[in-house]
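Next come the chains, spelled out residue by residue.
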Amino acid sequence: MTAIAEKPRTSVAAEKSRPRGVRRGLGLAPTAVLLLGALYCLLPVCWVLAASTKTRGELFTSNAFAPGTGLLDNIADLSAYRDGIFWQWMANTALYAGVGALLSTAVSVLAGYALAKFRFFGRDTIFTVLIGGILVPAVVLAVPQYLLLAKAGLANTYWAVLLPSILHPYSIYLARIYAAAAIPDALLEAGRIDGAGEHRLLRVVALPLMAPGMVTIFLFQFVAIWNNFLLPFIMLADDERFPLTVGLYTLLATGANQPALYNLVITGALLSIIPLIALFLTMQRYWRTDLSGGSVKS
Amino acid sequence: MSTAQKGARAHRAGATPYLYLAPAVVLFTLFVAAPIGYTAYLSMRRVKFSGLGLGKNSRTEIFAGLDNYRAAVADGEFWAGWLRVLGYAGLVLTLMLGLALVFALLLDSARVRLARFSRIAIFLPYAVPGVVATLLWGFLYLPSLSPIHATLRAFGVENVDLLDPSTVLFSMVNVAIWGGTGFNMLVLYTQLRAIPRDYYEAARIDGAGELAIALRVKVPMLAPALVLTTVFSIIATIQVFTEPMTLRPISNAVSSTWSPLMKVYTDAFINGDLYSAAATSLVIAVISVVPSLLFMRLVRRQAFGEER
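Heads up: the sequence lines are chains B and D, in that order. By my numbering, the letter at position 267 of the first sequence is numbered 267, and the numbering carries on one by one without gaps. By my numbering, the letter at position 295 of the second sequence is numbered 1295, and the numbering carries on one by one without gaps.
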């Protein structure tokens, strides 16, 4: 892994010249396959949308996809559950994902920029070792991380979830690709000739050029932390600090034998995915996953 | 080597790159290297009880050599877990990546309607946490709630238990496919969009149809992205934890040692045996890193080979 693809792709112009309307009649089967896939992916989401609007009685009797009449009651019940702990979980999750992704993006961008744009002793070794982190199974890390953080007195605190979430090898990898593709060496050279310091070049030249890539890294890391279960599950004992994933898990574990709690679990599930789906739909153009080359098109 | 060529234009600048890399390196040391080292240390220790094992000083930690590893490797339940996970991973990898590839190729072919809608819908499960995905499907598997059972009944299939020992694996595979296809599809699709269109023109002039172009031009050009998605999927599926853990409350068919990772968790936190948990987790690391490393070698050759 000595060199990362650094040549700009010539795809944009080529894309425009794609012939349209050639033998268009054959599009029916591919469209049908894709729509089936879409239907399959939307099925559970539609179900939870419908189920969360149902009262306890309606849940077991009415058509699975027919809306019910109990949405507001369900939300009120969930909010009342253990003095509104659900919203505490929501706030915790936002904190873990927001702060974690922000720090993670900063660390990754700095590292990626250094790896892409400087030549220094040990560069390839540092890159390979950092990226090797991708291959280490989470459990090999999570259990000893817990023990080490417990020794430092940090287990069962916000730090226990935040700190291990910051380093994300894959983000460094992406940042290196983005930096290589988005920042022309000539621009940095010109800046240096004009006498700009390295930190100033980073702030004025590199970061603005990497901005779209930074948004992508932030989003991926935000989702990864928001969705993480293993780490907080191992690190936290006190449900006041739980994120949604662990909170909903415990709610399910308590509620599995009590159908009366199903409504809470279902409503909680719906509310927990709304923020991410909103983020995802509004930030469409940043969901680019150019893994092995090229820049973020925006 | 390409490093020299590229490096010729990159800047030599004393301490700056080290300064920028410092946060990553410090975090790596604290949260990756140190835990691995600590695990290795723990894996070679065990607790020795002296006397009746009651007094304060009767419990001492001693060097155990490779005993914990021997015990981990000799544990039948550990390998049974691997067998389950291998079946699970095999199905998930083939079906999920297969579907992702088909969807990506279809999206990329010009003649599809509603492509944007399909792309967004198929990627949507990526925004749903594994716990919630399992929970949603878990409810859909429950006979009292599920439209699936109602549909099956309409076709005359009665009393299918989607959560019993013979079916729970497939139910879990379904959750993983549902959650993972969209992300992989997007990775492959993004890669497809980056291929210059003139390649297809050349193939068309040579008389190749859409299918031939997809199979003979697009798939080979996707190889690097396919390898990467495969590596990430292997790592993710081998480490399966969230899905079986979340199904446990609603299915008796999932034991607390269903996957190797769950066994580590159970050993460490339920049975309080950190030492064998450490040994087991390192065995898991080695077993799961080997296929990934083999793939990474391929990646180096294929994805970055053109730069050499």
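Because the hints were derived from the structure by calculation, they are not lab data. Honestly, I wouldn't trust all of these hints.
As the list claims (entries may be wrong) - Now the stretches of chain B that chain D is said to cover, found in silico as 3 or more residues with beta-carbon under 8 Å:
{"id": "1", "segment": "65–72"}
{"id": "2", "segment": "124–134"}
{"id": "3", "segment": "142–149"}
{"id": "4", "segment": "157–169"}
{"id": "5", "segment": "206–216"}
Every residue gets a Cβ at the ideal spot worked out from N, C-alpha and C, and that includes glycine.
Structure-based check of each hint:
1. Judged by the Cβ-Cβ criterion of 8 Å, the segment 65–72 of chain B is not covered by chain D as claimed, because only 1 of its residues qualify and three are needed.
2. Given as covered by chain D, the segment 124–134 of chain B passes the check, having 6 residues with a CB less than 8 Å from a CB of that chain where 3 are the minimum.
3. Here the segment 142–149 of chain B counts 5 residues with a CB under 8 Å from a CB of chain D, which clears the bar of 3, and the coverage holds.
4. Against chain D, the segment 157–169 of chain B contributes 4 residues with a C-beta closer than 8 Å to a partner C-beta. That satisfies the three-residue criterion, and the hint holds.
5. Here's how the segment 206–216 of chain B fares: 0 of its residues keep a CB closer than 8 Å to some CB of chain D, so the rule of at least three is not met and the hint is violated.
Checked against the numbered hints given earlier, the structure breaks hints 1, 5 and satisfies all the rest.
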